[in-house]
Structures are given as structure tokens and as C-alpha cells.
Amino acid sequence: MPERVTYKRLLRQFAAIGPYLREDLCEEGRYYFDCLSVCVSAKAAPDKREFWGWWLVLEQDDHHFQYHYQLGFYNGEGNWIDKPLPKKHQVEVDRSLRLFYRLLNTKLTQLECQLAPAKQVTHELSVTAA
6 MPERVTYKRL
16 LRQFAAIGPY
26 LREDLCEEGR
36 YYFDCLSVCV
46 SAKAAPDKRE
56 FWGWWLVLEQ
66 DDHHFQYHYQ
76 LGFYNGEGNW
86 IDKPLPKKHQ
96 VEVDRSLRLF
106 YRLLNTKLTQ
116 LECQLAPAKQ
126 VTHELSVTAA
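Our numbering numbers the first residue of the sequence shown as 6 and each following residue consecutively.
Please keep in mind that the hints were generated in silico from the structure rather than gathered at the bench. Glycine included, each C-beta is placed from N, C-alpha and C at the ideal position. Check the hints yourself; a few may be wrong.
Keeping only pairs whose Cα atoms sit at most 25 Å apart, straight-line, the calculated DMTMM-like set for lysine to aspartate or glutamate is [stated by the list, open to error]:
{"hint": "1", "residue 1": "Lys13", "residue 2": "Asp66"}
{"hint": "2", "residue 1": "Lys124", "residue 2": "Asp66"}
{"hint": "3", "residue 1": "Lys112", "residue 2": "Asp29"}
{"hint": "4", "residue 1": "Lys53", "residue 2": "Asp87"}
{"hint": "5", "residue 1": "Lys112", "residue 2": "Asp67"}
{"hint": "6", "residue 1": "Lys124", "residue 2": "Asp87"}
{"hint": "7", "residue 1": "Lys13", "residue 2": "Asp67"}
{"hint": "8", "residue 1": "Lys13", "residue 2": "Glu32"}
{"hint": "9", "residue 1": "Lys88", "residue 2": "Asp99"}
{"hint": "10", "residue 1": "Lys13", "residue 2": "Glu117"}
{"hint": "11", "residue 1": "Lys124", "residue 2": "Glu64"}
{"hint": "12", "residue 1": "Lys124", "residue 2": "Asp67"}
{"hint": "13", "residue 1": "Lys112", "residue 2": "Asp99"}
{"hint": "14", "residue 1": "Lys13", "residue 2": "Glu28"}
{"hint": "15", "residue 1": "Lys88", "residue 2": "Asp29"}
{"hint": "16", "residue 1": "Lys112", "residue 2": "Glu8"}
{"hint": "17", "residue 1": "Lys88", "residue 2": "Glu55"}
{"hint": "18", "residue 1": "Lys112", "residue 2": "Asp66"}
{"hint": "19", "residue 1": "Lys53", "residue 2": "Glu28"}
{"hint": "20", "residue 1": "Lys48", "residue 2": "Glu97"}
{"hint": "21", "residue 1": "Lys53", "residue 2": "Glu82"}
{"hint": "22", "residue 1": "Lys124", "residue 2": "Glu33"}
{"hint": "23", "residue 1": "Lys53", "residue 2": "Asp99"}
{"hint": "24", "residue 1": "Lys88", "residue 2": "Glu64"}
{"hint": "25", "residue 1": "Lys112", "residue 2": "Glu33"}
{"hint": "26", "residue 1": "Lys48", "residue 2": "Glu82"}
{"hint": "27", "residue 1": "Lys13", "residue 2": "Asp29"}
{"hint": "28", "residue 1": "Lys112", "residue 2": "Glu32"}
The following label-pair restraints were derived from C-beta to C-beta distances [said to hold, decoys possible]:
{"hint": "29", "residue 1": "Lys88", "residue 2": "Arg9", "range": "35 to 41 Å"}
{"hint": "30", "residue 1": "Gly81", "residue 2": "Gln119", "range": "34 to 40 Å"}
{"hint": "31", "residue 1": "Ala47", "residue 2": "Pro89", "range": "18 to 24 Å"}
{"hint": "32", "residue 1": "Pro122", "residue 2": "Val10", "range": "19 to 25 Å"}
{"hint": "33", "residue 1": "Asp87", "residue 2": "Lys124", "range": "15 to 21 Å"}
{"hint": "34", "residue 1": "Lys112", "residue 2": "Leu30", "range": "14 to 20 Å"}
{"hint": "35", "residue 1": "Arg9", "residue 2": "Gly81", "range": "37 to 43 Å"}
{"hint": "36", "residue 1": "Asp66", "residue 2": "Leu108", "range": "18 to 24 Å"}
{"hint": "37", "residue 1": "Tyr12", "residue 2": "Val96", "range": "32 to 38 Å"}
Put together the whole structure using the sequences plus the hints.
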């Protein structure tokens with residue numbers, strides 16, 4: 006069995022994937038990622054822009070990681086809201102989530118760790134690298 010990967014090393018490895026990691030919301034054994042996939046309107050001030058996208062929580066049990074995620078709306082106050090995506094943005098949000106999943110799965114494989122959906126993730130919501 007490989008050595009347990011430390012929290013600090015995981016943070017560095019996850020940050021290297023791209024702009025997804027929200028380090029301020031992470032704690033040992035629990036990692037938070039999100040992606041602002043589609044901007045609602047570029048007319049708003051940058052700090053007040055709203056987006057469609059996803060957020061994902063990754064929970065660690067030794068070398069096993071389970072994820073659950075939600076799709077939704079990132080409002081101007083900086084909060085995620087569980088809200089159905091408009092059909093016209095579904096493809097882009099799905100694409101960004103699948104890309105992230107591939108990167109995350111590759112990174113965890115390199116670290117000799119396993120990634121699986123959490124129990125609350127239904128088959129329809131389970132993301133794959135396809």
C-alpha cells in the first residue's frame with residue numbers, strides 16, 4: 006500500500022490541475038472545487054458577474070476519494086444556488102465538468118488513489134471521462 010498523501014501535497018496537486026480548487030473551503034479529507042462555465046452577462050462589474058457552472062466536493066478516506074457535485078447558478082454575491090441549467094448552457098457546463106473529471110482522475114491515479122462517485126450520486130449524475 007502506498008504512503009498516505011498529505012493534505013498539503015494534495016492541495017498542491019489539486020491546484021496544479023487548474024483554477025478549480027477553492028482552497029479556502031477545503032479541510033483535511035475534504036476538498037472543494039468549482040467552475041464558472043458560462044458567464045450570464047459580461048456587462049456586470051467583474052466582482053458582480055453571475056455564471057452557470059458546477060461545484061464538486063471530494064472526500065478522502067485514505068487512498069479512496071468519493072465525489073459529489075451539483076450544477077447550478079453562481080450569483081453576484083458569490084454563492085452557488087442549486088438551479089436547473091438553461092438548455093443552451095448544458096453542453097458547455099457538461100464539457101467543463103468532464104474535462105475537470107478527467108484531469109482529477111489522472112492526478113489521483115498518478116498518486117495511486119482511487120476516485121468513485123459518492124453514494125448520493127445517482128447513475129444519471131455520475132460523471133465519466135467520456
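Against the structure, the hints:
Note on Lys13 and Asp66: the hinted pairing holds, with a Cα-Cα distance of about 16 Å set against a maximum of 25 Å. The straight-line distance between the Cα atoms of Lys124 and Asp66 is roughly 14 Å, inside the 25 Å bound, and the hint therefore holds. For the given pair, Lys112 sits about 21 Å from Asp29 by alpha-carbon distance, which is consistent with the 25 Å threshold. For the given pair, Lys53 sits about 18 Å from Asp87 by alpha-carbon distance, which is consistent with the 25 Å threshold.
Restraint check for Lys112 and Asp67: the C-alpha separation of about 15 Å stays at or below 25 Å, so the hint holds. Of the supplied pair hints, the one linking Lys124 and Asp87 holds, its CA atoms being roughly 19 Å apart against a limit of 25 Å. Taking the CA atoms of Lys13 and Asp67, the gap is about 14 Å. The hint holds against a cut of 25 Å. Among the hinted pairs, Lys13 with Glu32 is consistent with the structure: their alpha-carbon atoms are about 10 Å apart, no more than 25 Å.
Our distance criterion of 25 Å between C-alpha atoms is met by Lys88 and Asp99, whose separation comes to about 15 Å. Only pairs whose Cα atoms come within 25 Å are accepted, and Lys13 paired with Glu117 is accepted, the gap being roughly 17 Å. With a C-alpha separation of about 12 Å, the suggested pair Lys124 and Glu64 falls inside the 25 Å cut-off, and the hint holds. Restraint check for Lys124 and Asp67: the C-alpha separation of about 17 Å stays at or below 25 Å, so the hint holds.
Proposed proximity of Lys112 and Asp99 is supported: the alpha carbons are some 20 Å apart, at most 25 Å. Of the pairs offered as hints, the one joining Lys13 and Glu28 holds, with about 11 Å between alpha carbons and a cut-off of 25 Å not exceeded. Our distance criterion of 25 Å between C-alpha atoms is met by Lys88 and Asp29, whose separation comes to about 24 Å. Between Lys112 and Glu8 the CA atoms are separated by roughly 16 Å; this keeps the pair inside 25 Å, and the hint holds.
Between Lys88 and Glu55 the alpha-carbon distance is near 13 Å, which keeps this suggested pair within the 25 Å criterion. Our distance criterion of 25 Å between C-alpha atoms is met by Lys112 and Asp66, whose separation comes to about 16 Å. Restraint check: the Cα-Cα separation between Lys53 and Glu28 comes to about 21 Å, which is no more than 25 Å; the hinted pair holds. Proposed proximity of Lys48 and Glu97 is supported: the alpha carbons are some 20 Å apart, at most 25 Å.
For the hint linking Lys53 to Glu82, the alpha-carbon distance of about 7 Å falls within 25 Å, and the restraint holds. At most 25 Å may separate the alpha-carbon atoms for a hinted pair to count; Lys124 and Glu33 meet this at roughly 20 Å. Between the alpha carbons of Lys53 and Asp99 the distance comes to roughly 24 Å, so the proposed pair stays at or under 25 Å and holds. In summary, the hint linking Lys88 to Glu64 is supported, as the alpha carbons are separated by about 23 Å, within the 25 Å threshold.
Taking the CA atoms of Lys112 and Glu33, the gap is near 18 Å; set against the 25 Å cutoff, the hint holds. Annotation: proposed proximity of Lys48 to Glu82 holds, straight-line Cα distance about 16 Å (limit 25 Å). A C-alpha spacing of about 13 Å is found between Lys13 and Asp29, which places the hinted pair at or below 25 Å, so the restraint holds. For the hint pairing Lys112 with Glu32, the CA-to-CA distance comes to about 19 Å; that is within 25 Å, so the pair holds.
Taken as a hint, the range 35 to 41 Å holds for the pair Lys88 and Arg9, whose Cβ atoms sit roughly 38 Å apart. A beta carbon spacing of about 38 Å between Gly81 and Gln119 agrees with the range 34 to 40 Å that was offered as a hint. Here the CB-CB span from Ala47 to Pro89 is close to 23 Å, well matched to the stated 18 to 24 Å. A hinted range of 19 to 25 Å holds for the C-beta pair Pro122 and Val10, which are about 20 Å apart.
Taking 15 to 21 Å as the suggested C-beta distance range, the pair Asp87 and Lys124 conforms, at roughly 18 Å. For the hinted restraint 14 to 20 Å between Lys112 and Leu30, the CB-CB distance of approximately 19 Å keeps it satisfied. The beta-carbon spacing between Arg9 and Gly81, approximately 40 Å, falls within the hinted interval of 37 to 43 Å. Taking the beta carbon of each, Asp66 and Leu108 are about 21 Å apart, inside 18 to 24 Å as hinted.
Taken as a hint, the range 32 to 38 Å holds for the pair Tyr12 and Val96, whose Cβ atoms sit roughly 35 Å apart.
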